[in-house]
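S.K.: Hints given; two lone chains; assemble the complex.
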Amino acid sequence: MSWAQAILLARGASRGWGGICSTALTGAPFSQVPPQAPRGLRCSAAAHNPDSSLVPHPPEPPRRPVKALAVHEELFRPALDGARNKANFVRAVQNFTEYNVHKRGHVDFIYLALRKMREYGVERDLSVYNLLLDIFPKEVFRPRNIFHSIFLHYPRQQECGIAVLEQMENHGVMPNKETEFLLLQIFGRKSYPMLKLVRMKLWFTRFKNINPFPVPRDLPQDPVDLASLALQHMEPDLSARVTTYQMPLLKDSPDAMDPTETHIVGIQSPEQQSALARHDPARPIFVEGPFSLWLRDKCVYYHILRADLLPPEEREVEEIPEEWNIYYPMQLDLAYGRSSWDDYEFNIDEVEEGPVFAICVAGAHDQATLAKWIQGLQETNPALARIPVVFRLSGSSGELLPSSSELEEPPPPPPEGQEEEDSQQRQQQGQS
Amino acid sequence: MSGCGLFLCSVAARFCRAPAAFTVIRRPLLTSPPSRAFAKELFLGKIQKKEAFPFPEVSRDELNEINQFLGPVEKFFTEEVDSRKIDQEGKIPDETLEKLKSLGLFGMQVPEEYGGLGLSNTMYARLAEVIGLDASIAVTLAAHQSIGLKGIILAGSKEQKARYLPRLASGEHVAAFCLTEPASGSDAASIRTRATLSADKSHYVLNGSKVWITNGGLANVFTVFAKTEVVDSDGSVKDKITAFIVERDFGGVTNGKPEDKMGIRGSNTCEVHFENTRVPVENVLGEVGGGFKVAVNILNSGRFSMGSMVAGMLKKLIEMTAEYACTRKQFNRNLSEFGLIQEKFALMAQKAYVMESMAYLTAAMLDAPGFPDCSIEAAMVKVFSSEGAWTCVSEALQILGSSGYARDYPYERLLRDSRILLIFEGTNEILRMYIALTGLQHAGRILTARVKELKRGNVTTIMETVGQRLRDSLGRTVDLGLTGKLGVVHPSLVDGAHKLEENVYYFGRSVETLLLRFGKTIVEEQLVLKRVANVLINLYGMTAVLSRASRSIRLGLRDQDHEVLLANIFCSEAYHQNLFTLSQLDKHSPENLDDMVKKVSQQILEKRAYICTHPLDRTS
Chain B
1 MSWAQAILLA
11 RGASRGWGGI
21 CSTALTGAPF
31 SQVPPQAPRG
41 LRCSAAAHNP
51 DSSLVPHPPE
61 PPRRPVKALA
71 VHEELFRPAL
81 DGARNKANFV
91 RAVQNFTEYN
101 VHKRGHVDFI
111 YLALRKMREY
121 GVERDLSVYN
131 LLLDIFPKEV
141 FRPRNIFHSI
151 FLHYPRQQEC
161 GIAVLEQMEN
171 HGVMPNKETE
181 FLLLQIFGRK
191 SYPMLKLVRM
201 KLWFTRFKNI
211 NPFPVPRDLP
221 QDPVDLASLA
231 LQHMEPDLSA
241 RVTTYQMPLL
251 KDSPDAMDPT
261 ETHIVGIQSP
271 EQQSALARHD
281 PARPIFVEGP
291 FSLWLRDKCV
301 YYHILRADLL
311 PPEEREVEEI
321 PEEWNIYYPM
331 QLDLAYGRSS
341 WDDYEFNIDE
351 VEEGPVFAIC
361 VAGAHDQATL
371 AKWIQGLQET
381 NPALARIPVV
391 FRLSGSSGEL
401 LPSSSELEEP
411 PPPPPEGQEE
421 EDSQQRQQQG
431 QS
Chain A
1 MSGCGLFLCS
11 VAARFCRAPA
21 AFTVIRRPLL
31 TSPPSRAFAK
41 ELFLGKIQKK
51 EAFPFPEVSR
61 DELNEINQFL
71 GPVEKFFTEE
81 VDSRKIDQEG
91 KIPDETLEKL
101 KSLGLFGMQV
111 PEEYGGLGLS
121 NTMYARLAEV
131 IGLDASIAVT
141 LAAHQSIGLK
151 GIILAGSKEQ
161 KARYLPRLAS
171 GEHVAAFCLT
181 EPASGSDAAS
191 IRTRATLSAD
201 KSHYVLNGSK
211 VWITNGGLAN
221 VFTVFAKTEV
231 VDSDGSVKDK
241 ITAFIVERDF
251 GGVTNGKPED
261 KMGIRGSNTC
271 EVHFENTRVP
281 VENVLGEVGG
291 GFKVAVNILN
301 SGRFSMGSMV
311 AGMLKKLIEM
321 TAEYACTRKQ
331 FNRNLSEFGL
341 IQEKFALMAQ
351 KAYVMESMAY
361 LTAAMLDAPG
371 FPDCSIEAAM
381 VKVFSSEGAW
391 TCVSEALQIL
401 GSSGYARDYP
411 YERLLRDSRI
421 LLIFEGTNEI
431 LRMYIALTGL
441 QHAGRILTAR
451 VKELKRGNVT
461 TIMETVGQRL
471 RDSLGRTVDL
481 GLTGKLGVVH
491 PSLVDGAHKL
501 EENVYYFGRS
511 VETLLLRFGK
521 TIVEEQLVLK
531 RVANVLINLY
541 GMTAVLSRAS
551 RSIRLGLRDQ
561 DHEVLLANIF
571 CSEAYHQNLF
581 TLSQLDKHSP
591 ENLDDMVKKV
601 SQQILEKRAY
611 ICTHPLDRTS
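Respectively, the protein sequence lines represent chains B and A.
According to full-length UniProt numbering, the first sequence is numbered sequentially starting from 1.
According to full-length UniProt numbering, the second sequence is numbered sequentially starting from 1.
Quick caveat, the hints were computed from the structure, so don't treat them as lab data.
Distance condition first, Cα-Cα at most 20 Å in a straight line; then the derived EDC-like pairs of lysine to aspartate or glutamate:
#1 K607(A) with D237(B)
#2 K599(A) with D342(B)
#3 K607(A) with E235(B)
#4 K201(B) with D617(A)
#5 K46(A) with E464(A)
Short, incomplete list of chain A residues facing chain B, as computed with Cβ under 8 Å:
#6 F292
#7 A295
#8 L431
#9 M433
#10 Y434
#11 T438
#12 K455
#13 I522
Remember, it's a predicted structure, so these values are computed and weren't measured experimentally.
Quick reminder that beta carbons are idealized off the backbone N, C-alpha and C, glycines included.
Extracted from the complex, chain A is given alone in its bound form (with noise of 0.2 Å):
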């Protein structure tokens, strides 16, 4: 995995070239070209300015347009989608999908020349605020053509965009992502579905089942991914994994019933089963043996629209809320008049606002020229917008106490819908683990030449060190340049901007010395990994909402003191979480429990069970 990274963007850019070229002669250049991912950098203690401030604009003539494109989706989804007879069928209604071809939704990042609508990633993030208000419906358009026919997109060669990204785009044929299997989660290495070739070399034999497929019942187009034999280099025969497209219609393609699940029960979820489906050379995507990173790749580049749907699903949510804690009566009074309840519409707001702002400078730094490698970014705003709703789901059903709670109003469906979101396109605790050790193989490379010299005991860097050292015990004052004269951040949002810095730099020392104290053992902490990660979605959230903020202030935009508040909050909330959280990292830190944590569940799982005897239970 070692070169993952770099490679990751090399063969993002070649894959990407198309369709970015085309998204760059749409898209007015609005940033310079990047020199360095953004959060990368903060591993190592540095903002890369110029990556996130000033917030990105669309240009007028965008905003129009998508303006234009977005009525009638609204207008469909608002009067005419029936969530809750699409959640009590466990179906889509077949006229509702037509609905949804003909508004192109089924081809919104498939460019232009083959059919679709050919969105940036900052339009496509916008529609999907929309599209989020009914999840069986987002769900099955983001398997479609977030995971489903992405593969095609970016990996695809001339032809096999030619032949069918256009009936794809237009919804003829749906689209779906075959890689989980029984004895396959995140775990590549035991995919048992194998394709082998053919005597005659002109196709390949594919065996083998996936489970968990969604839009496994409704698709035509499989994205395969299959174990194939591999000549190597050296001559040897290895077992590699190999994207293919299968058609249905290739034959001996089966799915099973769909599965019944706890929320998005209108998405079709089911077990697809290839028995010596033909699928013909020609249908390979991307190289034979190259069908890892193509699953990297589009997983990776899938994440981001999470931000905006759930943003979407919460501001609805907040306004259904709202209604309610305004006009139910207590003791005589509204509910919003009590301090309770008031604090719990707060943190919805800032939630949705710092999603929001998380996902829209993201789907920027996608869209910006250069290809930068956004993944980690992508999966914070995943991990941050999933937990996000599951919290602010759960806290608008406490202030619609049992009403919440009834199948009458839609909020247990809700609560419902969004816990797959810890779960599916990478559980939040996988995602962690991938943001925090892609960060730290990346601090780690840079550091590696000033940590050897430490180890050998070179006495410059070591006087360097123990002074840097010294003085941040004395107390330095953390500048980064984000406030000041040439400041990125409106003065306004100071206290917050001082607030980044200081967890910024601090969090540069913390992995500094993580990375000196465990070395590539860091791989087996998860606990550190986690608290890792944590902060950095948090120094993440801070940089979009001061940067978000900043810029409504400096246009005046409507309402902007409220933003500021919302900004304010977030930050020094997520400035004491992290502080916490740094302190935790240290070494015989009395925070961190973690020896304790491990013994527990060590214990719990030698038994297998709950081990303390009942209360009352006695010895004699």
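Chain B extracted, bound-state conformation (with noise of 0.2 Å):
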């Protein structure tokens, strides 16, 4: 013990000047220590910089050799039931600590556990993280004195704990106080996993809520409810109404495949119908898209209705009736505004946009498809039979379209080329 611990303050100690001295010199000495160091030594093989470390970043850039992982491999073989959840993986952690008694080479162990998590579906479970850390031997890496502190005590074994704790936070997995225990046992309450673990602690119950428009953790299977929740998502009034127009025919029906019987679902508020009663049918209405939506990993393709921003000559000037209010009057007859210096508007420039009258999140992007949204909105607006409707649909709906997710923001104007002449009196004659 005193032995190797001599040997390792040593180091510690090199490195430290090293990394003071040089950042050229960091790590360079150690990096060709095999990763099972005879004796269990746990050392540092990767170059190491306390600050690049703390920064988050994508969880998987696999820093040990490949072959290296092979060891423990056979420990995350498929159980005989062939199922990846979280019992087989907990009887692999545990089978690592029942037989490897001195935990040889339990750093890479975690590492590959880490990176086996998601395929067991417990990537986001906390004891599961606790049990990682439980496998790192105790007391044996805490700092004992004022240089183990301010020399980085046990480096590889310190980033592998902040690695654990990376992946907790790139899952939104908040630490409980038994993960501060065990750190606490295993490195001490001056180290780096610590300080990650506070700074986990304080930036997460802020960060946790800073969405305004916060997306369920398990959004739905199923199209049509996705598809409803998306639509809810982009929606800002609380009394639109999700009409589902078309379910999808079961997976197993020949026709699956057939994109007329996909699913359709529309969103439209009441105030979107009124201004769609009092549209001037002599303009036409367009349906546009399809525009993405990201819902956390999913994407989902909507398509809207919307008209031309009228023309200024166009627009009717909202004027008070002049017997309108039984009980006040609603307009004072005097020669003035509100004066300048009582006027707190912004100078703001605003675009004005044409009225959007409805959204649909369909299965299939083409034009039989959203006819029947079309068709389908005709029962509740009877407006729309006298109202032309153009199609306006871009290319390929497989791809992301340049333009954000949006509802408010206009489409670029698709190329002419793509615009289909013929469809208006395609719609008119099928409307008629």
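M.R.: If you want it as structure tokens, here you go:
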């Protein structure tokens, strides 16, 4: 023990000096140490810069040579029943601790386990992370004097601990008291994993609810449910109603691939309905899309029904009827308005856009499917039967469009060639 | 709406001529013809002393007459009307209604030549005090004559009056006022009921539904407002509102079942449907297309009586609760010995005193010759008295403790009944808008010239204004002539009078500043308007009590010192309230939290829910 510590202390000190004197030296003397060092010495093989490792980065830059991982890979072989679930994952970890009393190579095992977590679907399970941290031997890596704490003590292990925390962070798992206690036991109060933990505890609570438009963590699998969720996510009016115009055919039915039988889900608010009812039938309205909307890791494509902005000379000036309010005057007969020193309105340059009448999410993005949506809309919007509808669909549906998923933002006008010239007439024929 | 105020006067003048002339004959001239309405002048920082001082009186003969008449009515209400039974059964018994009819209470304001009692507004207010003892009956009667048949009195032709008023006055027919629709509360533009002229132009065909119609199930005569097509002067066809007198016998009139209400359960409120009802052209009330003004006039004229009605109820309530407080013992002391209980009685008495004063002052203004437009005053009486009723009944319940909450006692019924007062005849919020905007419109007209000068940068006007402000800020004493040698207020009320003068003066300044700041966009500043209305209501109340208490002292009426106390309490309280409210109206005032309030409500309404997380929630 004392021997090993002496060596480590010396190494740590020299490394520390190296780090201080010249960044070019970092880690160089130790990079050759084989991962399964004899006598179970745990030391860093990777270059270590404490600051950079605290910055979140994608969870999986495999630092270890892949060959080395083969050592513990067999623990994660599919179980007899072939299921990859939490029980099997826990069993694998337990197997490691049981058969490896000296915990030889536990850092590699933890890295491996971290990579495997997603396969086993336990990447959001706090207890599993605690289990992983529990593999570390206790008390061994705690700094014992001031020099230990000044210079990175057991860098490789600390780094591994940080990797565990980082993966927790990436999956939004909040550490709990047990995590803190484990880290305290393993690395002590003055260590980088502890620092990371403290920062996580501080910032996680503040960032957890920072999104004013939260998306549920587990998205529905059913496309119809997902579509209605996406529509409600986009629609600011809470009175808007989601309508399913067409349910998808069952998967095992032979025509499942028939695009005309996919789901069509639309949303429309009462205000949009009345705006559509007021729309001048002489002006066409447009079906545009598909635009993409990302809900966590799923992408939903939607279409909008919109009209162009009326030219200023044709807009109706909303006038206050003379006999409107029975109880009190709706306007005062004064010659002047609000004085300029009481006008707190900022000078905001607002771009006016044409009205959007409805949104829909459909399984297919062709005109036939969307025409069904329009037909469905006609039931609640009789005025739609008189208004010509032009389909302006951009070519491929599977592609992300440059325009963002914001509803208000109009899509860039598609090239003329894509616009279907005769669709207007066809549509009118179809609807009449 | 621009010329509405003026138009109102003229229309009211035209409509009122017959009955008002009648009143004039009956009543001696007590005041000289008014120059301007009282409340409107307050907006300019002036007090029209002639209007409010001295407190109006009725002649000895009139008083005797009304007291004679009052006796049997009071006896009937205290002895025969079983309010509890009416409330429980949700219906006024037929014999009670018959008795009311025989007492002539269905035609109180119908002119005598048409078989009514032809009471003046003051007399009507006095009678309303007694009628207010049972809210269901009061509402039934008010719906019948304050709004139901008022249209015929105000706007009806001679033939219409002769045809309908006698039977309505005797109670043979009951009237109802049909304005509200499912889609139209105060928004007249969204009235859907439609009247179409038949091909031979002999009658209109009426179609549509009205909701919340008091007396809808009892009434035989309805004042119905419907849209009709009217050819404008420039030849274009427009939809305008027209008032009709509709008899149930015209056919096609049906009503829904009575609504189950929280209070005033004895009154009959239901939906009324008109289906192809044929209304003869002679039954158009007022002009075709002039229904809006008829509706405005009817509604504006009916409000003042709530003041005395509530005051009557409160007087009774004070009696009942005082009896309880003086007999119930706790810790070997009567409840009446506890300060917190005493305070409540003072509050009730004060409210009752103020609303009574306001109501009778307004009634007298309405009775005065010259057809003054007292709609602001009437609205103020309504707002003050309805809110006073609610607070006082609630305080009374506090005094009574659990027995106030029990169904065995009448108090919970009073609470339920008084809640409607804040809602019907125009909600208090809407009436505050009316009070503030009508007054501001008046002030705006007067001030426009001045404001124009200011905006143009006329040096003299600016210097004048700046000088005035400077004097104000240096603490000038305001003297509007209420006190002093020729003062109208009694010296023992000088303190209150000074407070009133100061408030009125600075209110005028504030109004001017507000008009300068907001211009016509003040219509959108509802929180500002609410404050303006609140100050004005307080000012009117102060004027009324000062005037009344001064009169009592001068005449040496019994218990005048009690009145002086009440008047001083109210004036002091109102003064400080006004100071606070006026400071809130200042720009950048720290007391004004409107911005924050608006933000909070916007956020809530965006989510349509209470936003804050639960106090027990945590993030980890």
